[in-house]
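Full structure from sequences and hints, please.
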Amino acid sequence: MSMINNLPDPVLATIYLNAITIMLLVGILVLYSRLQMHDVIEKRMYSIMVWMMIFMSMSYIVETCLDERVLVLAPQGYLIEGSIHDIYLNVFCLTWILYAKYRMYRKIDYIKRKLLVYCIPFLTLLVLNLLDLFIPVFICYGDDGLMHVTSIYIVQDIIRYGYMFNTILQLNRVKKQGITVRFFSVTPLLICTVVGLVVHVLTPSCYTILSLGMAAGLTLLYAEVANEQSFCDIDTKFFNRSYLNYIFELVSKGRYSVNSIMSFKVDDPGKMTEFSELLRKQLPSECEPVRIMQDEIIVLSKVDERAPLFMVTEDVRAVVDEYNESHTDSPMDVKIGTRIKKRKERGTGFLLKEVEGYL
Amino acid sequence: MTVLNGVTLILDIGTILLMVGLAMVTDDLRKRGRDDDKLFFYLLFIAMLMSIADIIGYLSAGKIFYGARWQQTFGMDIFYMTFMLESIVWSYYTLVRFKWRGTSYSGGIRHLFFYLPGVVIMLVTVVNFLTGWIFSVDEADILHPGILYYPMYIIFSGYFLHGFFVIAKYRAVAVSEGRKRQVIPMWIFLLPIALGFFTKFLLRGVSLAAVCTAVTIAFMHLGSMNEISDTSLKEDAI
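Chains A and B are the protein sequences, given in the same order. Its first residue numbered 1, the first sequence is counted upward by one per residue in my numbering. Its first residue numbered 1, the second sequence is counted upward by one per residue in my numbering.
To be clear, the hints were calculated from the coordinates, so they are not data collected in a lab. Hints are supplied without guarantee of correctness; some may be wrong.
Said to hold, decoys possible - Chain A side only, calculated, beta carbon under 8 Å to chain B, not exhaustive:
(1) Met23
(2) Gly27
(3) Val30
(4) Pro75
(5) Gly77
(6) Val127
(7) Val195
(8) Thr219
(9) Glu224
(10) Tyr246
(11) Leu250
(12) Lys341
(13) Lys342
For glycine and all other residues, C-beta sits at the position ideal for the given N, C-alpha and C.
Shown next, in the form of structure tokens:
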């Protein structure tokens, strides 16, 4: 213990901050590996980001030890350490961009098609990071026996952080368009990362702030993913049964009211994704669609009159007919039902009575 | 301000950010109006207060302006009070959240007696700057433990351990029912708190209490969400 206590303050400070960051990230990694996710690709991408952040935190400790001369290496050792650190950060940013794009489109084909476009700036940076070992591009070994950054290092920062923030903002904008991702927001990640980056820029000697801020941001991102995972159905992008239980609790406490229910039963469960796309366009924004069975979706609504409900169901019927006309070889058969709360039906009784047959 | 004080400041600000973020993330869940959701919010809020009190204490440590020592003592009093309150709420939260067989959280008088020592210590910390029963700070900024300093640590360690015991029992029941993957591994909770205590007693410089508590709370929430996610997948069978 005395050896640690005798370390210079900046080294001790970095060790403290990185120990917390690494502890947080290792915990996140373990918990995330236990999260039951539909989407394996998203899970892998998130895990890569957490691993990169762990490696970066370790690299920050080594970097501070080198700066404070607690650890002394040959000049090549300094350059290797600096290059590896930049490579970690670049791989993290690239993975984030792919993760965000994947979340926006949910199509691996799209990512494969655009992979080169996203990768070219980062591949260039990675090549330059490797070149750093031989030619001073972003980092160099100074006469004072320490590693320094060159004047064009800022270009690297602008490229990686520019891309990263751009995709965070894009993801924030896209998520507002979908009703199913009500439980997912990237705002907490954005706040933590921005605060981390601002403090990092204002106090360049304190390396660790960025990784601590990003670790907090990744923690909150996981919380958002877990929210979405818990309450959304991945195929239809509608809510799932857990969400229905959540609505039951809200209704029973008088915090939410359901006055009518529409039900849509599709003959072929394989067509649910297509049907959900058709249904989404016809539903008013205040409606809450819930997938409660393989082949059945119910829509909870506050509407307490028959006419607007009838109009919605007619619109759905029309788009299904239109679909069947263009897909004569594989038409879909949809059974539609509606139910409106009567005046005497109070509390959760209406909802319970209507839904208990399905559950 | 020394570098290590700066680290404390950064960690406390990080704690506040994390807690604010978690409060935002759990906003929808809180609408359910459940007791455990309310208690979870109190845990977040108290962790924020802990960090603020820690910041006040550290910012005024070693300063020579008028009232600096009083401000430092006051900050530390509030810090210890919130830490004790956090341990009580944590213990009660685990009882409410993890209702394993044979346990009732509405214990009434029994729980009143269980939490009485903690409440007494909290009241003593409020008037500590007058009595010095918990601790006092001298002219050279050195902390001197009072008569109740070590009992205070024992009591709040007891409440934290009680919470872990409840979770361990819940986990044992869940594992016996074949729900092992759903429940949170115990070391995820114990590691942050153990690290916080370890550094507090053995190393110089920074207080990790607030940030370690925040990390534990974050793990707690994420573990709970894992459980809901797992259950929802099985229930849906979609």
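Here is what the structure says about each hint:
no., hint, in the structure
1, Met23, "6 Å, holds"
2, Gly27, "5 Å, holds"
3, Val30, "6 Å, holds"
4, Pro75, "27 Å, violated"
5, Gly77, "25 Å, violated"
6, Val127, "34 Å, violated"
7, Val195, "6 Å, holds"
8, Thr219, "5 Å, holds"
9, Glu224, "6 Å, holds"
10, Tyr246, "6 Å, holds"
11, Leu250, "6 Å, holds"
12, Lys341, "21 Å, violated"
13, Lys342, "26 Å, violated"
Going down the numbered hints, you'll see the structure goes against 4, 5, 6, 12, 13, while the others check out.
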